[in-house]
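Undergrad: Chains as they are written, first to last, in the numbering used here: chain A, 56 to 194; chain B, 3 to 254.
A portion of the hints provided could be inaccurate.
Claimed, not checked - DSS-like mimics (lysine-lysine), calculated; alpha carbons at most 30 Å apart, straight line: (1) B:K239 - A:K99; (2) A:K114 - A:K169; (3) A:K144 - B:K239; (4) B:K62 - A:K89.
Stated by the list, open to error - So, partial list: chain A residues that the calculated Cβ filter (under 10 Å) puts toward chain B: (5) N104; (6) I107; (7) E126; (8) T134; (9) R135.
Please keep in mind that the hints were generated in silico from the structure rather than gathered at the bench.
Ideal Cβ placement from N, Cα and C applies to all residues, glycine included.
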Amino acid sequence: MNMKRLMIGAGVALALVQPVVAHHSFAAEFDANKTVTIEGAVTKLEWANPHIWIYLDVKDDHGVVQAWQCEGGPPNTLTRNGWSPNSLKLGDKITIDGALAKDGSKTCNARMVKLADGRTVFAGSSGGDNPPPPTLPKK
Amino acid sequence: MSRHAAARLIACLAMAAGIPALAAAQRAFQPPSGPTPRTAAGKVDFSGVWSKPYVPDMTKDGKDQKGMGVLPFTPWGETEWKAYDAAEGDYTGACLPFGLTRSVNTPEPMQIVQTEKYFAFLFEQNSWFVVVPIDGRPHRQGIPTWFGDSVGRWEGDTLVIDTVNFNGRTRLDTIGHPHSDQLHVVQRFSRPDLGHISYEMTVEDPKAYTKPIVNTRTFTLRPDWEMMEYSCEENNKSLWEGRIKPPKAPKS
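Looking at chain A on its own, in the form it has when it is part of the complex:
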């Protein structure tokens, strides 16, 4: 299954993980030097302030399903960026690039999300001076 991918890197792609947490300090919760890419199926979306939370089941390299949770931007900012509560549906296979929580839990701060239809979109707040442009859908 394509879901079977979990990569954790350290000290790379720092530029991709600019602090995007608006309501509190990014460094209070996440480690910008510990980047993560997770691929899995959406199990729940919490579309609520101060940040959305995406829950997904991820299979590790041993085929064991692990429950992850990743924080996105505030609903208001994401709405202005074209997101809606329907942007992610239960069961959607998505890939998240982000930064790991400092406490070692399966928690991340989502920077970019590759949606089920192939588009890759910015998932953080508009705090980034220049949110990376999304890719257009693959035809």
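For chain A, the structure is supplied; the task is to place chain B on it using the hints.
TA: Leaving out everything else, chain B in the frame of chain A:
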């Protein structure tokens, strides 16, 4: 064709071409153009919903903002700065009031509502607001507060908002630059055209800094945005689940 009309046409063409709204919405925005608007009394009118640059570190330059550079710390200020660690509990993680400078710094928009007597900041961040008398009255002598006490005055076409009487429990910015209860903030607003505000923030705090420090920014009018509710407490999982620490009690 105005830039605004052109942007609408491009958006329509993009939709017609089948480009999803999510992708189109993440492209650059061009504000409307036109002369500086004025009130019936002839004052510059700052009303509108404004996009402002996110300034998590007021020393650094960024898009639409010029930072303060190296800060002239006093010994007290430097000690406070070196001791600060957001991971040990920052007040904003508990959704306590950000304070004036940090509210202006947020990436969320703000609406300005202006009358002849008042200028109101409506911050989308946590749905906070600050109402500033601009009719010439002096500062109130009250209990120190998170946002301080603000009064405004006109210097020609520039509105100058002067704020004192802070409680000293906030930080200047997300990265945690310090200030004390001696903080004095002066904000200068001018509107060179319809689509922009030129903004200058001067921070004075003799306990924390040896001289005033200045940060300048450009705000962009967003007539296509409406303000939205932002309840910080609604789902503050990070605090509830212990990944961020609650703030420490204030020093007495």
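Undergrad: Compare the structure with each hint and give your call.
TA: Hint check:
Pair hint K239 (chain B) plus K99 (chain A) holds up; C-alpha atoms about 15 Å apart against a cutoff of 30 Å. Restraint check: the Cα-Cα separation between K114 (chain A) and K169 (chain A) comes to about 17 Å, which is no more than 30 Å; the hinted pair holds. Distance restraint check for K144 (chain A) and K239 (chain B): the Cα-Cα separation of roughly 21 Å lies within the 30 Å cut-off, and the hinted pair is therefore satisfied. Taking the CA atoms of K62 (chain B) and K89 (chain A), the gap is near 24 Å; set against the 30 Å cutoff, the hint holds.
Annotation: N104 (chain A) was flagged as interfacial toward chain B, and the flag holds, the nearest CB pair being 4 Å apart, inside 10 Å. Residue-level restraint check for I107 (chain A) holds (minimum Cβ-Cβ distance to chain B is 9 Å; threshold 10 Å). Interface hint status for E126 (chain A): upheld, as the beta-carbon distance to the closest one in chain B is roughly 7 Å, under 10 Å. With a least beta-carbon distance of about 7 Å to chain B, the hint placing T134 (chain A) at the interface is held under the 10 Å criterion.
About 7 Å separates the beta-carbon of R135 (chain A) from the nearest beta-carbon of chain B, less than 10 Å, and the hint is met.
Violated hints: none; the structure is consistent with every hint.
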